[in-house]
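Going line by line, the protein sequences match chains D and L. Using the numbering used here, the letters of the first sequence map in sequence onto residues 1 to 416. Using the numbering used here, the letters of the second sequence map in sequence onto residues 1 to 416.
No lab work stands behind these hints, which were simulated from the structure alone. C-beta: ideal position from N, C-alpha, C; glycine also. Be aware that a few hints might be false.
[To be verified] Straight-line C-alpha distance at most 35 Å; calculated DSBU-like pairs for lysine-lysine:
id, chain 1, residue 1, chain 2, residue 2
1, L, Lys268, D, Lys400
2, L, Lys271, D, Lys364
3, D, Lys50, L, Lys54
4, D, Lys364, L, Lys154
5, L, Lys364, D, Lys268
6, D, Lys73, L, Lys140
7, D, Lys270, L, Lys318
8, L, Lys50, L, Lys116
9, L, Lys376, D, Lys318
10, L, Lys141, L, Lys154
11, D, Lys225, L, Lys73
12, L, Lys50, D, Lys141
13, L, Lys83, D, Lys50
14, D, Lys318, L, Lys318
15, D, Lys268, L, Lys318
16, L, Lys364, D, Lys265
17, L, Lys141, D, Lys140
18, L, Lys271, L, Lys318
19, L, Lys83, D, Lys54
20, L, Lys270, D, Lys318
21, D, Lys268, L, Lys400
22, L, Lys175, L, Lys54
23, D, Lys265, D, Lys400
24, D, Lys270, L, Lys364
25, L, Lys270, D, Lys364
26, D, Lys87, L, Lys54
27, D, Lys54, L, Lys50
28, D, Lys400, L, Lys154
29, D, Lys54, L, Lys87
30, D, Lys400, L, Lys271
[Claimed, not checked] From the structure, some residues in chain D lie toward chain L, with a derived Cβ separation under 8 Å:
id, residue
31, Leu13
32, Gly15
33, Ser26
34, Tyr37
35, Val41
36, Gln286
37, Gln287
38, Thr290
39, Ser291
40, Ser293
There are 2 protein chains.
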Amino acid sequence: MNAEIIAVGSELLLGQIVNTNARFISQQLAEAGIDVYFHTVVGDNPARLKAAIKIAEERANIIIFTGGLGPTKDDLTKETIAKHLGKQLVMDDTALAGIELYFHRTNRIMTENNRKQALIIEGSHVLPNNHGMAPGMLLKKGSRIYILLPGPPKEMEPMFSQYGIKALSAEVGLKEQIVSRVLRFFGIGEAALETEIIDLIDAQSNPTIAPLAGDGEVTLRLTAKHTDEAVGASMLDEVEEKIRQRVGQYIYGYDSSSLLEELTKLLKEKKLTITAAESLTGGMFQQEITSISGASSVFKGGVVCYANEIKQLMLQVKPETLEVHGAVSEQCANELAENAARIFGTDIGISFTGVAGPDELEGKSVGTVYIGIAMKGRPTMVEEIILGGTRAANRTRAVKFGCYFLIKTIRESQNA
Amino acid sequence: MNAEIIAVGSELLLGQIVNTNARFISQQLAEAGIDVYFHTVVGDNPARLKAAIKIAEERANIIIFTGGLGPTKDDLTKETIAKHLGKQLVMDDTALAGIELYFHRTNRIMTENNRKQALIIEGSHVLPNNHGMAPGMLLKKGSRIYILLPGPPKEMEPMFSQYGIKALSAEVGLKEQIVSRVLRFFGIGEAALETEIIDLIDAQSNPTIAPLAGDGEVTLRLTAKHTDEAVGASMLDEVEEKIRQRVGQYIYGYDSSSLLEELTKLLKEKKLTITAAESLTGGMFQQEITSISGASSVFKGGVVCYANEIKQLMLQVKPETLEVHGAVSEQCANELAENAARIFGTDIGISFTGVAGPDELEGKSVGTVYIGIAMKGRPTMVEEIILGGTRAANRTRAVKFGCYFLIKTIRESQNA
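Generate coordinates for the entire structure from the input sequences, incorporating the hints supplied.
Spelled out as structure tokens, the structure:
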């Protein structure tokens, strides 16, 4: 049992867009245990598409098409496949009603060529499109399965993950459900994490444990297969518990969450307000906090204190501190955090000072970072971290560390 | 004359990475006027790779391979192609010396399998790898051209654009050089720009003029073909001049420049300092200014004044202004910009206030933005803009508009 993914669209062959659809579908198939041997990209040309279908039929049992289901005259995927398989196109009333509703909702006039999108290949199982108009299809002929999906990723991805992969699993007799969960780590590297749990990774085949690193964070993807989804989920609970016993202190969230989202949720929950004094990060922390709608309940404002004179003028850092210890120092981070919280009248003040690079500063090497956290009712703490990336990476990593220390500090203060 | 691009690598079929190489190569081929009819992706499997080569030979004259040139046992592209074409692999001394130098430079021990990377298919033209070890190759057999490129984009992209496309053009007898230039616009939409110059676009075939929109900016790509590169460049000058006569006021830069880079360059050149008072944008402008190394000569710091109380406390906005006109107003933007420049002692102060969304504010609708610019020796100006995007897009667009207004203001003040 193996699959080939055929993307249809001249814009891919002209290099105007990247074929992210093939990647997305391949990931989902890999998780389901279905091999993919080939990806093909072909233009909006019926003869060449037909040739590609014939080649795919020689080497795959499952052929998945993306693109070419739209209303324009370039969109010829289903027409070409229907003709090739000797099948008719028939109007699907549900799909048509969906398209009419879409136009009604967006107050636009539906033109005749949009009706074309509701045509499906006779005998196919319809995959609903919740984010656009053209429905997807799954059909069988002989021992082969054909799946047609729309081209825009925002339509294709939810369609395939919600309906496509299930319909395909049922069709090929995969009785098992796939249940997966992502654990998100911060403050531990990929290699260190793997070392801590390598015996679990090696011993597990169901659920599997797959580490993935990126952007300074590490995640573990846990994937269980079972005929009963609920049993699959409890298998995940069990392996998660084992992992938590070893490295639970580095886990900050699940799935697609982010450090920033966890922090904002926590601040709102505990009704805490925060301000920031940013030197190194130049406003990045505040920019991120305010990127989340409703931030005003926890954040009122802060200062970007890039130059030393601004640290003194706006945040009352003592001249002696800057003279004796320098701006990149524990002492400076401490004053910045405490003074910011006092001046802005917030529960928490966070400060970022350090050397982003490319040049060293005050004799401190690139990547040296001090993050101060002043929180009502707790002694102010300053964390020193040493980063080894580019200027941009060091700034981004510093903000992530700041969020991580804040989450830890707030959680600890609640448990105390 | 048409090309097929074959990417080799199981990681592509597992969905671990996206095939950006096919896009890059396709773009370059499209510019050179060479058609691409198919992309193929195949795993690290000699039998399936060989089958893919045979299919490609049936339908393309130029076959371009990416990936599988590395030192590990999975890397089998050149071995498979050599065997298929009945050719030997021979050691290329220049490539070997390059690999030895690479290890010497990075202070690492060169293992035996790295020598394998210096093997080339006999009779092939070597494409140097300036960013890695494995050299690329171009070879001919019969009427077909085979090009082998490494998989990592940071090696493949410069190799193909510097050496590959030229070698290919020479081989297929394209005597013309391609010269291209990108003009960057801001403050005019794609449709409006096209309307202004549609007659030029339609009349030109060499150079061609191609508009592209993205991220709130519009670019025009000018591409000339001529046997003499210098003549090609002067053809571009000529068409650029025609465009400038119509819409020159919206052009802010060339090629891969950005509004932020142009602004920073201008501030440094004119020795101007700047500060910011950011409500709407929450620190994004300052974060971007400080993302450029050496920002400290033009930027000392600023304030994020998200809440009204901070606008009063830190930036001395009058209570009456907030009561009568509100925070999202021309008057507030004016005071914020002027007071920020005064408090921080800078030549320029910029302010951002507005409604990012998703909810309206003070009865002002989402997307309403005021940007204030106070500059020594000029009356303070406030620009009102109305944006129609999401919260994130409105914030990003506002920062871009801020940079654009600053560039215009500074240029005008110099010309005055």
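Checked hints:
Pair hint Lys268 (chain L) plus Lys400 (chain D) holds up; C-alpha atoms about 31 Å apart against a cutoff of 35 Å. Our distance criterion of 35 Å between C-alpha atoms is met by Lys271 (chain L) and Lys364 (chain D), whose separation comes to about 28 Å. As the CA atoms of Lys50 (chain D) and Lys54 (chain L) are separated by approximately 18 Å, the hinted pair is consistent with the 35 Å bound. The suggested pairing of Lys364 (chain D) with Lys154 (chain L) holds, with an alpha-carbon distance near 31 Å, which does not exceed 35 Å.
Annotation: proposed proximity of Lys364 (chain L) to Lys268 (chain D) holds, straight-line Cα distance about 26 Å (limit 35 Å). Taking the CA atoms of Lys73 (chain D) and Lys140 (chain L), the gap is about 39 Å. The hint is violated against a cut of 35 Å. Between Lys270 (chain D) and Lys318 (chain L) the CA atoms are separated by roughly 33 Å; this keeps the pair inside 35 Å, and the hint holds. Under the criterion of a C-alpha separation no larger than 35 Å, the hint pairing Lys50 (chain L) with Lys116 (chain L) is consistent with the structure, at around 21 Å.
About 30 Å separates the Cα atoms of Lys376 (chain L) and Lys318 (chain D), which keeps this hinted pair within 35 Å; it holds. For the given pair, Lys141 (chain L) sits about 29 Å from Lys154 (chain L) by alpha-carbon distance, which is consistent with the 35 Å threshold. Distance hint between Lys225 (chain D) and Lys73 (chain L) is fulfilled; the C-alpha atoms sit about 32 Å from each other, no more than 35 Å. Distance check on the hinted pair: Lys50 (chain L) and Lys141 (chain D) sit about 28 Å apart at the alpha-carbon level, within 35 Å; holds.
Note on Lys83 (chain L) and Lys50 (chain D): the hinted pairing holds, with a Cα-Cα distance of about 30 Å set against a maximum of 35 Å. Restraint check: the Cα-Cα separation between Lys318 (chain D) and Lys318 (chain L) comes to about 29 Å, which is no more than 35 Å; the hinted pair holds. A C-alpha spacing of about 30 Å is found between Lys268 (chain D) and Lys318 (chain L), which places the hinted pair at or below 35 Å, so the restraint holds. Of the supplied pair hints, the one linking Lys364 (chain L) and Lys265 (chain D) holds, its CA atoms being roughly 27 Å apart against a limit of 35 Å.
Proximity of Lys141 (chain L) to Lys140 (chain D) is assessed by CA-CA distance (about 42 Å); at most 35 Å being required, the pair is judged violated. Of the supplied pair hints, the one linking Lys271 (chain L) and Lys318 (chain L) holds, its CA atoms being roughly 31 Å apart against a limit of 35 Å. A hinted pair counts as satisfied when its Cα atoms are at most 35 Å apart, and Lys83 (chain L) with Lys54 (chain D) qualifies at roughly 27 Å. Taken as a hint, the Lys270 (chain L) and Lys318 (chain D) pair is honoured in the structure, with Cα atoms around 33 Å apart against an allowance of 35 Å.
In summary, the hint linking Lys268 (chain D) to Lys400 (chain L) is supported, as the alpha carbons are separated by about 31 Å, within the 35 Å threshold. Proximity of Lys175 (chain L) to Lys54 (chain L) is assessed by CA-CA distance (about 30 Å); at most 35 Å being required, the pair is judged to hold. Restraint check for Lys265 (chain D) and Lys400 (chain D): satisfied, since their Cα atoms lie roughly 15 Å apart, inside the 35 Å limit. At most 35 Å may separate the alpha-carbon atoms for a hinted pair to count; Lys270 (chain D) and Lys364 (chain L) meet this at roughly 31 Å.
Simply put, Lys270 (chain L) and Lys364 (chain D) have alpha-carbon atoms about 31 Å apart, close enough for the 35 Å limit, and the pair holds. A threshold of 35 Å between alpha carbons decides the hint, and for Lys87 (chain D) with Lys54 (chain L) the separation of about 31 Å falls inside it, so the pair holds. Restraint check for Lys54 (chain D) and Lys50 (chain L): satisfied, since their Cα atoms lie roughly 18 Å apart, inside the 35 Å limit. Between Lys400 (chain D) and Lys154 (chain L) the CA atoms are separated by roughly 27 Å; this keeps the pair inside 35 Å, and the hint holds.
Between the alpha carbons of Lys54 (chain D) and Lys87 (chain L) the distance comes to roughly 31 Å, so the proposed pair stays at or under 35 Å and holds. Of the pairs offered as hints, the one joining Lys400 (chain D) and Lys271 (chain L) holds, with about 34 Å between alpha carbons and a cut-off of 35 Å not exceeded. A distance limit of 8 Å between C-beta atoms decides the matter here; for Leu13 (chain D) the minimum to chain L is near 5 Å, and the interface restraint holds. Against a cut-off of 8 Å between C-beta atoms, the interface hint on Gly15 (chain D) holds, since the closest Cβ of chain L lies about 3 Å away.
The interface hint given for Ser26 (chain D) is met, as the beta carbon of that residue sits about 3 Å from the closest beta carbon of chain L, less than 8 Å. Because the closest C-beta pair between Tyr37 (chain D) and chain L is about 6 Å apart, less than 8 Å, the hint holds. Against a cut-off of 8 Å between C-beta atoms, the interface hint on Val41 (chain D) holds, since the closest Cβ of chain L lies about 4 Å away. Because the smallest distance between the Cβ of Gln286 (chain D) and any Cβ of chain L comes to about 4 Å, under 8 Å, the interface hint for this residue holds.
A cut of 8 Å between beta carbons decides the hint on Gln287 (chain D): the least distance to chain L is about 4 Å, and the hint holds. Given the 8 Å rule on beta carbons, the hint for Thr290 (chain D) holds: about 3 Å separates it from the nearest Cβ of chain L. The closest approach between the C-beta of Ser291 (chain D) and any C-beta of chain L is roughly 6 Å, which is under the 8 Å cut-off, so the hint is satisfied. Proximity of Ser293 (chain D) to chain L holds as hinted, the smallest CB-CB distance being about 6 Å (cut-off 8 Å).
Violated hints, in rising order: 6, 17; the structure is consistent with all others.
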